[in-house]
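There are 2 protein chains.
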Amino acid sequence: MNKVEVIHTPALLPLYSLNDKVVVVIDILRATTTMCVAFNTGVNKILPVASPDECLMFKEFDFIIAAERNAEKVPGFDMGNSPFEYENPFLAGKNIAFTTTNGTKAIKMAKAMNPNCILIGSFLNITALCNRIKESGKDLVLLCSGWKDKYNLEDTLFAGAVIHQQLSSAYEMHDDAALSAYFLFEQHQHDLEAVVRKSSHAKRFTLLHLQTDDVKFCLQQDTITLVPEMEGEFLVNKTATQIAG
Amino acid sequence: MNKVEVIHTPALLPLYSLNDKVVVVIDILRATTTMCVAFNTGVNKILPVASPDECLMFKEFDFIIAAERNAEKVPGFDMGNSPFEYENPFLAGKNIAFTTTNGTKAIKMAKAMNPNCILIGSFLNITALCNRIKESGKDLVLLCSGWKDKYNLEDTLFAGAVIHQQLSSAYEMHDDAALSAYFLFEQHQHDLEAVVRKSSHAKRFTLLHLQTDDVKFCLQQDTITLVPEMEGEFLVNKTATQIAG
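Residue numbers (my numbering), protein chains in the order written: chain A, 1477 to 1721; chain B, 1477 to 1721.
Pulled out of the complex, with its shape left as it was, chain A reads as follows:
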């Protein structure tokens, strides 16, 4: 039986081996949700980069540049990190260099530890994601991006959803972090939105007076059937018919 581990924050990554495992990077509010939306709109490639300064250097290479820090778009960039921005059909076929506070950092840390593959998860593509995981036949690590290396509620809830809804019969929960995520989702599966609105990140959104209801958007389930995946340094949609860039 394959094993599933949950890592609550990237700060705990050094305690784990990712060797030959499938790693799912989770940043529900909002980076990994936004990445799923971007590929669904037809984006060609996303390059996760560490900092806004590094991201800016890709401007001259015909990338759209996107940067978010502390839940806000960084001034001077083409785009921020709200999933609504990435529904714009203008983005079809484009390449995006992307940096966010937590999600792109988690992707780059996982990449450096040579896993079997890195997949991008969100409630929007949860069933497609779980099918891809089950096809792999590999042990699984659910890596929560957290908030500045601290634990967050919404990423752990999603890790719990993956195990509870989809994998509990085929995967053994290998550690207490997986058990705890499973319990958290079990308890709140019927009031997800209410619970996520209590989270510190949802409160951060309220303080910023976001124009769009990103929390509600990010909790939609199975609106997208693709699974973004790392290929070299890039995120791609392997199932897409290639669109000319």
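In short, the hints are calculated from the structure, not lab data. Since we're looking at a predicted model, the values are computed, not measured. Misleading hints may appear alongside valid ones.
Since the list gives no way to pick one copy over another, a pair counts as held whenever it fits inside one copy or between any two copies.
[Stated by the list, open to error] Pairs of lysine-lysine, DSSO-like flavour, derived with a Cα cap of 30 Å:
no.	residue 1	residue 2
1	LYS1679	LYS1570
2	LYS1610	LYS1674
3	LYS1614	LYS1679
4	LYS1692	LYS1714
Start from chain A and add chain B according to the hints.
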């Protein structure tokens, strides 16, 4: 209103400030439970030390030496880490140098960060502990010792119990880790033992064929009314009538 934060493992301590806060160190299975039992038996002082080698050096200074690694007593030491061992009346008035896999490490890490005070928590002394916390009028950090820097279930359940049973009206849950601990205890308050028996540490005990039922013992509530506390390098029971050593 005072704030309460929960830290799931000592590996995340560097992300927090403990300045002027009350810190409760939690290692339910079993170090902090055992410490409460030891003082209840009449132990004079406990010196938390980092390693078995360092612990051994206190033998010549008339300390009882106690060491546990990987849930087992280290060969050559007077005592291990089962709370049952510390009910022996022979220990009254004695001083113990103590090292365990997780709990004593968490205490020493917290001590190095200059909090207002460090208290020792367990289900056995939970009400006395919470009264002491409320008297302090300080912000609170509940520091889970975890297992080798990873998250564990029983310490987080106890953190949730402290907030849920005792502090929810007087303390603001400052972060998602506190919310999550609260939810975990809320969900499992009526089947604590069953849940803790699912934890990885309880399974470790089963593999070791412990002679005593340490899990059941460590989940007893309010059998002890004292609160061990750091004073300099030592844990002491400030409320005890001093017993000649």
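Right, here's what the structure says about each hint:
no.: 1; hint: LYS1679 with LYS1570; result: neither (33 Å within a copy, 51 Å between copies)
no.: 2; hint: LYS1610 with LYS1674; result: between (32 Å within a copy, 25 Å between copies)
no.: 3; hint: LYS1614 with LYS1679; result: between (37 Å within a copy, 24 Å between copies)
no.: 4; hint: LYS1692 with LYS1714; result: within (28 Å within a copy, 51 Å between copies)
Hint 1 from the earlier list is the only one contradicted by this structure; the remaining hints agree with it.
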